[in-house]
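For the record, in the sequence shown the residue sitting at position 150 is 150 according to this note's numbering, with numbers rising by one throughout.
Calculated directly from the structure, the hints in this document are not laboratory data.
Label pairs and their computed distance ranges (CB to CB):
1. Ser233 to His263: 43 to 53 angstroms
2. Arg255 to Ser233: 32 to 42 angstroms
3. Ser300 to Lys98: 20 to 30 angstroms
4. Val157 to Asp73: 47 to 57 angstroms
5. Ala264 to Arg108: 28 to 38 angstroms
6. Arg115 to Ser300: 25 to 35 angstroms
Where a beta carbon is used, it is the ideal one built from N, C-alpha and C, also for glycine.
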Amino acid sequence: MRTRSIKSSNAMILPALRAFIAAAGLATLTLASCMVGPDYQRPAVETPAGFKGAATQPSTQPSTQPASRLGRDWWRLFGDPNLTRLEEQAGEANQDLKAAMARVAQARAIVQSTRSQLFPTLTLDPSVTRARTAPGRSGRASTDTRVQIPFDLTYEVDIWGRVRRATESSRAQLLATTLDVEVIRQTLQADVAINYFSLRSLDAQAEIVDRNIALFRRQVEITQKQFKVGLVSKTDMLQAQAQLEGTATQAIELRRQRADVEHALAVLVGRPPSELSVEILPLDLEPPSIPSGLPAELLSRRPDVAEAEANLVAANAQVGVAKA
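Using the sequences and the accompanying hints, generate a full structural model.
Spelled out as structure tokens, the structure:
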């Protein structure tokens with residue numbers, strides 16, 4: 001017959017641990033107000049009441065209605081399906097935007113890691129040993145099982161608010177990193193729109209140059225006939241030919257510029273240049289009506305301005321960390 005005996009050298013771990021955590025929590029609450037370092041105060045900035053020149057140019061006076069929040073899809077105001085398709089592809093495939101999103105996940109993990117210093121750290125190293133003794137005089141064997149749970153509990157009381165200031169700084173850095181994603185997204189969208197409308201502008205210029213080439217070619221034919229009958233000199237005929245060849249050179253240059261812009265669009269949307277082809281479509285759109293607002297309100301929408309303030313908050317909190 002086998003008998004088992006279980007021994008624990010840490011039978012009083014849980015009650016002591018509960019008491020320690022309760023005492024640590026009480027100490028933390030008591031010392032919660034003991035944070036050194038300056039609290040962030042937003043600098044006072046004077047904002048203009050209206051746009052410059054609004055009094056002398058009534059047509060440019062901002063509307064009294066609240067400005068429309070265009071959001072991320074501001075480019076839909078143009079109503080161009082080709083632009084919409086390119087913008088969506090760029091948002092899904094651009095590597096710079098994906099890298100910025102990964103940095104947001106990294107910053108979020110840093111916040112959690114920094115905040116974890118506010119809580120106790122418990123390190124356990126459990127072990128189980130089992131030994132079996134040979135049968136004694138009674139003829140019975142016995143098995144002895146020993147369970148040991150040694151632990152190391154450490155806790156740093158955040159008396160001067162070092163950890164709390166560090167957490168404040170890391171949260172501000174998280175906000176700045178999140179806003180940096182919006183900066184990259186808006187820059188990407190603007191680059192796509194600028195290149196797309198540059199492409200369409202080149203198409204419009206090429207259309208005009210092609211019409212001029214047809215006119216100059218007709219002029220050369222007429223000049224050659226006039227030269228044969230002696231109505232014009234050879235110089236006039238050569239000038240007409242030079243004008244035709246110069247205009248044809250402009251058409252070649254416009255096609256080269258169009259290829260360069262199309263390649264730039266391919267890079268922005270994350271595709272090889274050989275796989276992207278934008279149809280030839282001369283620019284004929286009317287500029288959309290963009291809702292106006294106050295200058296200060298326009299500034300508040302800019303993520304780069306908000307990102308700069310978030311970095312300022314993080315730097316301000318680091319002063320408290322250094323003092324602590």
